[in-house]
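Enquirer: Each residue of the sequence shown is one higher than the last, beginning at 1 in the working numbering.
Check the hints yourself; a few may be wrong.
[What the hints assert, rightly or not] Cβ-Cβ distance ranges computed for the label pairs, FRET-style:
1. Asn138 - Asn444: 13 to 23 Å
2. Thr514 - Asp404: 12 to 22 Å
3. Glu330 - Glu405: 33 to 43 Å
4. Thr329 - Glu359: 24 to 34 Å
5. Gly232 - Glu15: 44 to 54 Å
6. Glu15 - Ser262: 48 to 58 Å
7. Gln433 - Asp516: 22 to 32 Å
In case anyone wonders, no lab produced these hints; they're calculated from the structure. In this text, a Cβ means the ideal position worked out from N, Cα and C, and glycines have one as well.
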Amino acid sequence: TKNTQPPTGWMESPEGMTLQRSMNKTAKNKDGEQAYVCKPASGKTINTPLKLYQRIPAEKLGAGIYKVTCRMWIEKDFYGTACLFADNQRGDNCNVQYWTTEPYYRNGASGYDNITYTDYRTTFARHAGGFNSSTAQNMQRMVVYITLQDGDDLLVGIRTNSANQGSDKAGAGYFIVDDFHVEKLARKPVAQDDFCDKVLTNYDFEKNPQGISYDWNLKTTINEANNGPIYGWQSNAWTDNYGGVSDGTNLEWKWAGYVASSNSVIPNDFRLYQTIPSEELEPGIYQVSARMWQYASKLSITRLYGQAGDKTSVQYYGVENKYPANLLTEGETATFAGLSANTTTGRVNDMSLDVEVGENEDLEIGVKSGYGLESNNTAGANHGKFYVDLVRAWKVSDLPVTYDENSAENEIVPRAYNNKVVLNKQFTNNEWQFVCFPFSLNANDIETIFGKGTEVEFLEPLGIYGGNEEGQRTLYNPQPRYLPINVIEAGWPFRIRPTDALPSPIILENVSVTKDSPREEYTQDAYYRFDGQHPY
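With these hints in hand, go ahead and build the complete structure from the sequences.
Expert: Set out below in structure tokens:
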């Protein structure tokens, strides 16, 4: 890289900034031999927000859900506002992930320093930075997801500036970055808003109990306890204080819903929910998301949830150590958003979870809450109080698929969504064995599953090719041999010699199953024949 220009293939906005640009060979967990380093000029700061980016044109993409990842490292006390971003360039869908924990980006009680409120979805990776002179210069994985429509370009990269949040030192905002990947998770998803508009009511909490839109010019809290339920929503135990609130920030529009209690408590079995009937759902993995806010000292047991059949997934608002084990509900799969609370602004933050929906199962989504510990059972204390906005759900993958050793028992069906695949197959290290999968594996996949130095070969008889419309390839005057290759293509048979294969069952995430029947390589007289059998 040149000191005055970004790396080949990359662009900066604004152009021509004076920066220290270099390549790093010492960082751990990088891909290959080098990673890119971007620092403010010596003794300077980045006062204008900087973007390092590439643009992927719409003609190479298509509508779908995309996963964008990179590896990144930032020195402690130099975090600035460095974040991974993915943007559709229309101004309404920029998703970002900041390097460390959410509280770090606060400026006391007055809000956030230089975090862009207009980002559609903001997450915090919660990584810790080491010092440049220590062995902790270990690059970590960052990830964002973005949904694109037909005609959308995709901008991916790093955004940063030198804002001195927290204990940041002068010159903050520098970063080391490597190994960008863009992966399409679903080919043609139903638009999220279209699906939610069809199956949910008032999921953005803009309507009063009579179904009339709240006044966007008001900045207030309206207790609707005497006027009826929150429009479109059900509860097993309405309190004496709930309704609409417009004094929060980061709202989708102008209003959010809230639940509190004036003269009693929020009961521990409280649920605010809607139910999506099974006839509106395909079996699969659904993401349930919302924006929420709570008081830091009154988190209690409030959590976002999704429930289908006997499966319940929840996400608590705060960090895990804020929730004693005796507060967690048995049978719920729990994650923790790791958010703190901003008492003065009521800024709602993004939360999400995944839940499995089976055949003929309804999906119930919403918020569970309650006062929690008995020591919090005090009328009007508002333990468990929350703001909530933009509660939504949509399918993100098919149900997990299991392929067993006996290929005759496996049902191979190409799928519209990526999904989890479980291989009940034991591979023997340092011995040749044959494989044929209904999905493709790249070089990184092969190394991860089968070990570094694994050999893969493809049968390649030498001769003159003929063929037919079924894709079979016929060779004349063949002399068969195996050729080394670094990928495994869906449907083709290969032989492989693993060095350190994962034990059975092997679990693969975000797999695209594309071939429902194996292909074959054979000679004209069938003297040599190399047949595939799915999946082995």
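Enquirer: When you take the CB atoms of glutamate 330 and glutamate 405, is the distance between them in 33 to 43 Å?
Expert: holds (35 Å)
Enquirer: Cβ-Cβ distance between threonine 329 and glutamate 359: within 24 to 34 Å?
Expert: holds (26 Å)
Enquirer: When you take the CB atoms of threonine 514 and aspartate 404, is the distance between them in 12 to 22 Å?
Expert: Roughly 20 Å apart at Cβ, these two residues keep to the hinted range, so it holds.
Enquirer: Does the Cβ-Cβ separation between glutamate 15 and serine 262 fall within 48 to 58 Å?
Expert: holds (56 Å)
Enquirer: Given a hint of 13 to 23 Å, does the C-beta separation of asparagine 138 and asparagine 444 actually sit inside it?
Expert: With Cβ atoms ~19 Å apart, the hint holds.
Enquirer: Mind checking the hinted window 44 to 54 Å against the Cβ distance between glycine 232 and glutamate 15?
Expert: With a Cβ separation near 48 Å, glycine 232 and glutamate 15 satisfy 44 to 54 Å, so the hint holds.
Enquirer: The hint says 22 to 32 Å between glutamine 433 and aspartate 516; measuring C-beta to C-beta, is that right?
Expert: For aspartate 516 against glutamine 433, whose Cβ atoms are near 23 Å apart, the range 22 to 32 Å holds.
When held up to the earlier numbered hints, the structure conflicts with none and fits them all.
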